[in-house]
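*Asks:* The lines below spell out each chain.
Protein chains: 2
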Amino acid sequence: MTARTAQAYAEFLELTKEIFYLQSAAGILGWDQQTMMPPGAAPLRGRQSSTLTGIIHDRLTSSRLAELIGELRENAAALDPNAQVNAREMQRVTERARKIPRDLAQRISETQILSQQSWIEAKQKSDFDLFAPWLEKMLALRREEADAVGYEESRLDALLEDYEPYATASQISEVFSALRPPLVELVQAIRESGVTPRREIVRRRFPPERQKEFGLWAIRKFGFDFNIGRVDVSAHPMTVGNTTDVRLTTRFDEEYLPMSLFGLVHEAGHGMYEQGFEVDHQGTPRAMAVSLGIHESQSRMWENLVARSLSFWKYAFPYLQAFFPEQTRDVSLEEWYAAVNDVRPSLIRVEADEVTYNLHVILRFEIEKELVEDRIKIADLPALWNQRFQDYLGIVPENDARGVLQDIHWSIGLVGYFPTYALGNLYAAQFFNTAQKEIPDLHERFAAGEFLTLREWLRTKIHAPGQTYRAGELVERVTGEPLDAKYLLTHLRQKFGSLYGNCC
Amino acid sequence: MTARTAQAYAEFLELTKEIFYLQSAAGILGWDQQTMMPPGAAPLRGRQSSTLTGIIHDRLTSSRLAELIGELRENAAALDPNAQVNAREMQRVTERARKIPRDLAQRISETQILSQQSWIEAKQKSDFDLFAPWLEKMLALRREEADAVGYEESRLDALLEDYEPYATASQISEVFSALRPPLVELVQAIRESGVTPRREIVRRRFPPERQKEFGLWAIRKFGFDFNIGRVDVSAHPMTVGNTTDVRLTTRFDEEYLPMSLFGLVHEAGHGMYEQGFEVDHQGTPRAMAVSLGIHESQSRMWENLVARSLSFWKYAFPYLQAFFPEQTRDVSLEEWYAAVNDVRPSLIRVEADEVTYNLHVILRFEIEKELVEDRIKIADLPALWNQRFQDYLGIVPENDARGVLQDIHWSIGLVGYFPTYALGNLYAAQFFNTAQKEIPDLHERFAAGEFLTLREWLRTKIHAPGQTYRAGELVERVTGEPLDAKYLLTHLRQKFGSLYGNCC
Numbered sequence: 004m005t006a007r008t009a010q011a012y013a014e015f016l017e018l019t020k021e022i023f024y025l026q027s028a029a030g031i032l033g034w035d036q037q038t039m040m041p042p043g044a045a046p047l048r049g050r051q052s053s054t055l056t057g058i059i060h061d062r063l064t065s066s067r068l069a070e071l072i073g074e075l076r077e078n079a080a081a082l083d084p085n086a087q088v089n090a091r092e093m094q095r096v097t098e099r100a101r102k103i104p105r106d107l108a109q110r111i112s113e114t115q116i117l118s119q120q121s122w123i124e125a126k127q128k129s130d131f132d133l134f135a136p137w138l139e140k141m142l143a144l145r146r147e148e149a150d151a152v153g154y155e156e157s158r159l160d161a162l163l164e165d166y167e168p169y170a171t172a173s174q175i176s177e178v179f180s181a182l183r184p185p186l187v188e189l190v191q192a193i194r195e196s197g198v199t200p201r202r203e204i205v206r207r208r209f210p211p212e213r214q215k216e217f218g219l220w221a222i223r224k225f226g227f228d229f230n231i232g233r234v235d236v237s238a239h240p241m242t243v244g245n246t247t248d249v250r251l252t253t254r255f256d257e258e259y260l261p262m263s264l265f266g267l268v269h270e271a272g273h274g275m276y277e278q279g280f281e282v283d284h285q286g287t288p289r290a291m292a293v294s295l296g297i298h299e300s301q302s303r304m305w306e307n308l309v310a311r312s313l314s315f316w317k318y319a320f321p322y323l324q325a326f327f328p329e330q331t332r333d334v335s336l337e338e339w340y341a342a343v344n345d346v347r348p349s350l351i352r353v354e355a356d357e358v359t360y361n362l363h364v365i366l367r368f369e370i371e372k373e374l375v376e377d378r379i380k381i382a383d384l385p386a387l388w389n390q391r392f393q394d395y396l397g398i399v400p401e402n403d404a405r406g407v408l409q410d411i412h413w414s415i416g417l418v419g420y421f422p423t424y425a426l427g428n429l430y431a432a433q434f435f436n437t438a439q440k441e442i443p444d445l446h447e448r449f450a451a452g453e454f455l456t457l458r459e460w461l462r463t464k465i466h467a468p469g470q471t472y473r474a475g476e477l478v479e480r481v482t483g484e485p486l487d488a489k490y491l492l493t494h495l496r497q498k499f500g501s502l503y504g505n506c507c
Numbered sequence: 004m005t006a007r008t009a010q011a012y013a014e015f016l017e018l019t020k021e022i023f024y025l026q027s028a029a030g031i032l033g034w035d036q037q038t039m040m041p042p043g044a045a046p047l048r049g050r051q052s053s054t055l056t057g058i059i060h061d062r063l064t065s066s067r068l069a070e071l072i073g074e075l076r077e078n079a080a081a082l083d084p085n086a087q088v089n090a091r092e093m094q095r096v097t098e099r100a101r102k103i104p105r106d107l108a109q110r111i112s113e114t115q116i117l118s119q120q121s122w123i124e125a126k127q128k129s130d131f132d133l134f135a136p137w138l139e140k141m142l143a144l145r146r147e148e149a150d151a152v153g154y155e156e157s158r159l160d161a162l163l164e165d166y167e168p169y170a171t172a173s174q175i176s177e178v179f180s181a182l183r184p185p186l187v188e189l190v191q192a193i194r195e196s197g198v199t200p201r202r203e204i205v206r207r208r209f210p211p212e213r214q215k216e217f218g219l220w221a222i223r224k225f226g227f228d229f230n231i232g233r234v235d236v237s238a239h240p241m242t243v244g245n246t247t248d249v250r251l252t253t254r255f256d257e258e259y260l261p262m263s264l265f266g267l268v269h270e271a272g273h274g275m276y277e278q279g280f281e282v283d284h285q286g287t288p289r290a291m292a293v294s295l296g297i298h299e300s301q302s303r304m305w306e307n308l309v310a311r312s313l314s315f316w317k318y319a320f321p322y323l324q325a326f327f328p329e330q331t332r333d334v335s336l337e338e339w340y341a342a343v344n345d346v347r348p349s350l351i352r353v354e355a356d357e358v359t360y361n362l363h364v365i366l367r368f369e370i371e372k373e374l375v376e377d378r379i380k381i382a383d384l385p386a387l388w389n390q391r392f393q394d395y396l397g398i399v400p401e402n403d404a405r406g407v408l409q410d411i412h413w414s415i416g417l418v419g420y421f422p423t424y425a426l427g428n429l430y431a432a433q434f435f436n437t438a439q440k441e442i443p444d445l446h447e448r449f450a451a452g453e454f455l456t457l458r459e460w461l462r463t464k465i466h467a468p469g470q471t472y473r474a475g476e477l478v479e480r481v482t483g484e485p486l487d488a489k490y491l492l493t494h495l496r497q498k499f500g501s502l503y504g505n506c507c
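Chains L and A supply the protein sequences, listed in that same order.
Counting in our numbering, the first sequence runs from 4 upward without gaps.
Counting in our numbering, the second sequence runs from 4 upward without gaps.
Isolated chain L, as found in the complex:
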């Protein structure tokens, strides 16, 4: 590296890290808002956050930073690999920010708050018409953003970039098209198997305090690091933070253990990804997530492939019985394992099982693609939702609150976000398949309460590289082949075949 390039890189790093410090400070304010903030502080918090948003936007779009990035990209060959990653990814992020007028960014941020409020009311009253005009506005703003950013094929591509960089709607459509028919078949085969788990055993009275203790016990075992992390309660489970300050939240249903337990494990999967970046690169893309899909691969892996596995429960069931003796006295390990893997079509995505979950996501992706491409009318949305639900899951919501109004995402303009959930399942299954090959006794280790081997494998292969590789490259590097839906389908057929009388 020439002295000039080294100097440019040093200044670039300083500006890049300052943006991260501001973003992560804003993240703490967001976490505080959901967990700690007194209710009357909301208007002030809105102003604090939008002040920070403005400053972050100014810095992301500063001409000095663009100039430095240009210089580094021109001399990319002279940079070390980490510096190359940082220059490349900051170029992507800042170029996108520079295409979005500050005014548009602010209108989106302001509309989000009002639109979300209208969604809350509409959902409470199950009245789609209350929400329709705000959804219209929000979508118009996101279309405006997509048009400002530019795209080649689908307008959704420009929005996807925020969540799953370098992916396109047509790639995702292709993957989902291959996934949907076998999933629909699988759900049908399970229904026709005639096997029904003892569902009521997970719906007994589980005191929230004990639920929390059991959940903390589990994620500590998995390797979530409390020296650089914590767990709180919020209305919507989430993970906030990065590298050395990672905060999970969960919530409790006193009469349904799986919600908090698997919810917390899910968030811990996200959290361990963030904790696994190399702290020396903190504040730069080199120590940040590749994409939401890769993020979700970590959360879904711990939630479904570990915590919903028979080998995990071989280890954990005696502990569960110690935490909840009365609730589990008449329950066997096999019955418990079957009950936490109860598969049946249901209305609510976040409560869906491992199989039907993906159908919920595919349905949303198809609809949001049509919405953003202006191919369907907002007014037709509820009917369309219900029709697709019938086609994919064989049931129809009894009202819009439990149908098209159930998710917060579109109300705050998160369009193109849903597919990352199913991509996460696909990535997870493919990664896990490789992990099992490279650690042949992985399930024996789980059954013996040893999970750190998996965490270390994930850390080395997936966490530590940060954004060194793009999502597609990472999958190929780790598993030796491109993303393929067969790994998820094989996993589901094997697991649920053996649970549901060799149905599939």
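Think of the hints as simulated: they come from the structure by calculation, not from any bench.
Remember, predicted model here, so these are calculated numbers, not experimental data.
Check the hints yourself; a few may be wrong.
[Claimed, not checked] Now the stretches of chain A that chain L is said to cover, found in silico as 3 or more residues with beta-carbon under 8 Å:
1. 12 to 26
2. 35 to 44
3. 51 to 58
4. 229 to 235
Each residue gets a CB set at the ideal place from its N, CA and C atoms; glycine is no exception.
Once you have looked at the hints, place chain A on chain L.
*Replies:* Below, chain A without anything else, positioned relative to chain L:
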């Protein structure tokens, strides 16, 4: 107001409020650090905070803001009274900031962290020599700051301005000189009275959870608003926040009830001051504290003049007995009241009683004035401390940890801060004297559990005006005369005279 001035004022307000939003966001990060943050997040938090500090400094010293302030001050006659206050106070704050080089501000901020660490270690080991070089550095930096800011008489004046604007060291010296001899006499008279309260009754086992409930019960009664406030636990009690987001912290000693109870009431006094500003002026000096001395007058009033009064305990003692039946079964109201007003010379300022507390403060003020004026050597500090302690309180610390090393303040460069604690007691006594005149049945109201009359009186007279009046003006407006130590002395003589056999 001309259109041009109105426009200048609008822009001024926008810049002023943005600074406040950044400062209050930094305040939340500071609160989080003391209450919630995982330990391993400390280095990241340091960088987040110093990034914000830099941005705040840049904005306080921006030439555009200075230009607008200049324009507003030139046209002050055309401004409404609120705008006049805001322009005047922002001028004071920004002119000070502009005199301090960014580099010096950053050196101070960096040295604070290291110096505080050395103080923690020195205190743990009771080894002043470990701390001496850092205190030397910290004082040198603050002297540099004082010299950059400028002063007429004492270098301490330039530092006082941060905490007690418009006050001078010589004014404070004069007040303290009048206060010290009668206080020393009073302490002696109490000691010679031969009366001793049943000290052990406040040192029984009080479970922290119950202590917290009782404390929350009390401050809710006093009028602390939980819709815009909350209470947590931290190593050092503090109040963070403003107007619509005010957070108190407390700590518990399982075997000493007064610490958490009066500590929490003290912070609630600070908190009610902040909650009492007019929310329409949020983010401007018009809705900010006059000075730390005035702030402290509110905390000390609720702590000592309300919660340590006989009339409060007439109301609260039955509740105390309901919360702690076993601990208070053999205790009478009068015994309890005497025990929470136990006066005797002690080593630790934060545990000192209402009378001796002021001597702890005067001693520190005298020493820090000499330190900053370069009239004593750091190496002589422990001996000097112990000598003064002997002179003022008649006892000598057994080691430096419980002597000169006990307070955090000097380690982080807070020089000129201590006198605001005693000023607070003086202001409080004088304000309270007026409140009693204007609400003659004030103590009867306390005895009946009615505290909102006092809170409303304080809100109207002291909180709502924000920085409309300078501290001296405020005292004259509210009480009809300048600050006078006689109110505190009269209060102490009456209260402790009747508690200690008409000793004084």
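*Asks:* Does each hint fit the structure? Answer for all of them.
*Replies:* For each hint, the structure was consulted:
no.: 1; hint: 12 to 26; result: holds (count 4)
no.: 2; hint: 35 to 44; result: holds (count 7)
no.: 3; hint: 51 to 58; result: holds (count 4)
no.: 4; hint: 229 to 235; result: holds (count 5)
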